[in-house]
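Take the given structure of chain A and dock chain B to it, following the hints.
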Amino acid sequence: MGEVIVITSGKGGVGKTTTTANLGVGLALQGKKTVLIDTDIGLRNLDVVMGLENRIVYDLVDVVEGSCRVKQALIKDKRYDGLHLLPAAQTRDKNAVTPEQMEKLCDELKEEFDYVIIDCPAGIEQGFKNAIAGASRAFVVTTPEVSAVRDADRIIGLLEANDIRNPRLIVNRLRPDMVRRGDMMTIDDIIDILAIELIGVIPDDENIIVSTNRGEPAVADAKSAAGLAYRNITRRILGEDVPFVDLTAQENILTKMKKLFGFKPA
Amino acid sequence: MMDLLKLLTRKKENSKDVAKERLKLVLIHDRSTFSPQFLEMMKSEIIQVIRKYLDVEEELLDIQLTKTTSEDGERIVPALVANIPIRAMRSGNR
Chain A
8 MGEVIVITSG
18 KGGVGKTTTT
28 ANLGVGLALQ
38 GKKTVLIDTD
48 IGLRNLDVVM
58 GLENRIVYDL
68 VDVVEGSCRV
78 KQALIKDKRY
88 DGLHLLPAAQ
98 TRDKNAVTPE
108 QMEKLCDELK
118 EEFDYVIIDC
128 PAGIEQGFKN
138 AIAGASRAFV
148 VTTPEVSAVR
158 DADRIIGLLE
168 ANDIRNPRLI
178 VNRLRPDMVR
188 RGDMMTIDDI
198 IDILAIELIG
208 VIPDDENIIV
218 STNRGEPAVA
228 DAKSAAGLAY
238 RNITRRILGE
248 DVPFVDLTAQ
258 ENILTKMKKL
268 FGFKPA
Chain B
-18 MMDLLKLLTR
-8 KKENSKDVAK
2 ERLKLVLIHD
12 RSTFSPQFLE
22 MMKSEIIQVI
32 RKYLDVEEEL
42 LDIQLTKTTS
52 EDGERIVPAL
62 VANIPIRAMR
72 SGNR
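Residue numbers (the numbering used here), protein chains in the order written: chain A, 8 to 273; chain B, -18 to 75.
Careful, some of the hints might be misleading.
Taking lysine to any residue and the SDA-like style, the derived pairs with C-alpha atoms no more than 20 Å apart in a straight line are [stated by the list, open to error]: (1) B/K1 / A/D199; (2) B/K1 / A/Y87; (3) B/K(-3) / A/K40; (4) B/K5 / A/D196; (5) B/K(-3) / A/A202; (6) B/K5 / A/K40; (7) A/K40 / A/Q97; (8) A/K40 / A/G246; (9) A/K18 / B/R3; (10) B/K5 / A/I198; (11) B/K5 / A/G246; (12) B/K1 / A/D190; (13) B/K1 / A/T193.
What the hints contain is simulated information worked out from the structure, not anything from laboratory work.
Just chain A, same shape as in the assembly (with noise of 0.2 Å):
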């Protein structure tokens, strides 16, 4: 029996979609056969950050209307094994679907696989509901910015309304230059206002947009800050106990030259 996770963060634009691919791409990678579904319906772009846009037969609102079988919508991602995505509807609206239907849908689709990874819309309306309503576990997306964070407070209240217990913390697009200054709050002022566990920080990273405008999650990138966040949270999923690094930690001369001379930091 699979398990469910919703990726939420009540303001748009802080990451949602570009963290379930990553983590989509990172559980395959590790062997877990893996669905992600976009509910993102109108305005839907799972499809392009994975590069699959261009594969979609069916969509999600296909699925729940019976129009078509759930197997006949998976688009199979022929890079990664065992790694489906369920598309988005673009042209219809969020109440084409019902959080009923989401449900018995994810009930279905775990049966099935491994993990379920739901990209949840912005918002706290139809389209929220329905994304959170087949989950049984919720991570939190925020950027370090005062109107992410609270958004994701408001969110965090909404998921415990909705009995969806313990949700996690995803704190991306943190900038340790800043922090170090004093101009961007830390890890710890953002736990310590929304008072949930962390499962992982991403740091800013041009390599996101650089995969991004190529279709290919940065999880798979061994180069790439960020991937490397990633298959971080990937391992904390699997229940590995994979220790934070600090990201803001002041480079000493050691590890200047490390870098310098191509040592990769421990």
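For chain B alone, coordinates are given in the frame of chain A:
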């Protein structure tokens, strides 16, 4: 002179500390599920009861709805936090 000092120290305050303080304040409001009037009503009734037994500093009374971690550490639960400074115990109660 004091103002000048304030201005100087204020400039040095990290913007992330400003962000954190502002967030904490705004979240107190966001997290409270009932209206300020409701809280006021509850507050005055709580005072009435406590006044029977204790002499309290009513002006310094602080009652807030906030969030805390549950005893098993598993969940975030709402909590009513009250800070009620006591002036004196009422005589004849003990």
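Hints versus structure:
1. B/K1 / A/D199: holds (10 Å)
2. B/K1 / A/Y87: Outside the cut-off at roughly 41 Å; violated.
3. B/K(-3) / A/K40: Roughly 41 Å between the alpha carbons, so the hint for B/K(-3) and A/K40 is violated.
4. B/K5 / A/D196: holds (11 Å)
5. B/K(-3) / A/A202: Holds, at about 18 Å.
6. B/K5 / A/K40: Outside the cut-off at roughly 41 Å; violated.
7. A/K40 / A/Q97: Roughly 26 Å between the alpha carbons, so the hint for A/K40 and A/Q97 is violated.
8. A/K40 / A/G246: holds (16 Å)
9. A/K18 / B/R3: Since the Cα atoms of A/K18 and B/R3 sit roughly 18 Å apart, the hinted pair holds (cutoff 20 Å).
10. B/K5 / A/I198: Given pair B/K5, A/I198 holds - Cα atoms ~12 Å apart, limit 20 Å.
11. B/K5 / A/G246: violated (32 Å)
12. B/K1 / A/D190: holds (11 Å)
13. B/K1 / A/T193: Distance ~10 Å between B/K1 and A/T193 Cα, so the pair holds.
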